[in-house]
Amino acid sequence: MTEKAKQLGNETAYPIIEFADSTNTCGVTKREYFAGLAMQGLLSNCVTIVNAEATDEGDFKAISRDAVKFADAMLEELSKD
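Here this note's numbering is used: the first residue of the sequence shown is 3, the next is one more, and so on.
Derived by calculation from the structure, the hints in this document are not laboratory data. All clues given are correct.
In silico DSS-like cross-links for lysine-lysine, where the CA-CA straight-line distance does not exceed 25 Å:
hint: 1; residue 1: Lys63; residue 2: Lys8
hint: 2; residue 1: Lys8; residue 2: Lys32
hint: 3; residue 1: Lys32; residue 2: Lys82
hint: 4; residue 1: Lys32; residue 2: Lys63
hint: 5; residue 1: Lys8; residue 2: Lys82
hint: 6; residue 1: Lys32; residue 2: Lys6
hint: 7; residue 1: Lys82; residue 2: Lys6
hint: 8; residue 1: Lys8; residue 2: Lys71
hint: 9; residue 1: Lys71; residue 2: Lys6
hint: 10; residue 1: Lys71; residue 2: Lys82
hint: 11; residue 1: Lys32; residue 2: Lys71
Go ahead and model the full structure; you've got the sequences and the hints to work with.
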């Protein structure tokens, strides 16, 4: 992943919320947010879920890895000028 894509992926997905007691929350990064959306799409396919449940935990890890790969690909494209 390019440095520009990494930097973009580490930005917060939502604006920082500043509370009266000076604490801040920034939630998830853009990379985490994109990966979550990709995983949601992957898991919306019934066949994916049935196949994963029928085999072993490795399939769940593979789905997670694929979701992150989709997120990284999105960040690479967004980082292009």
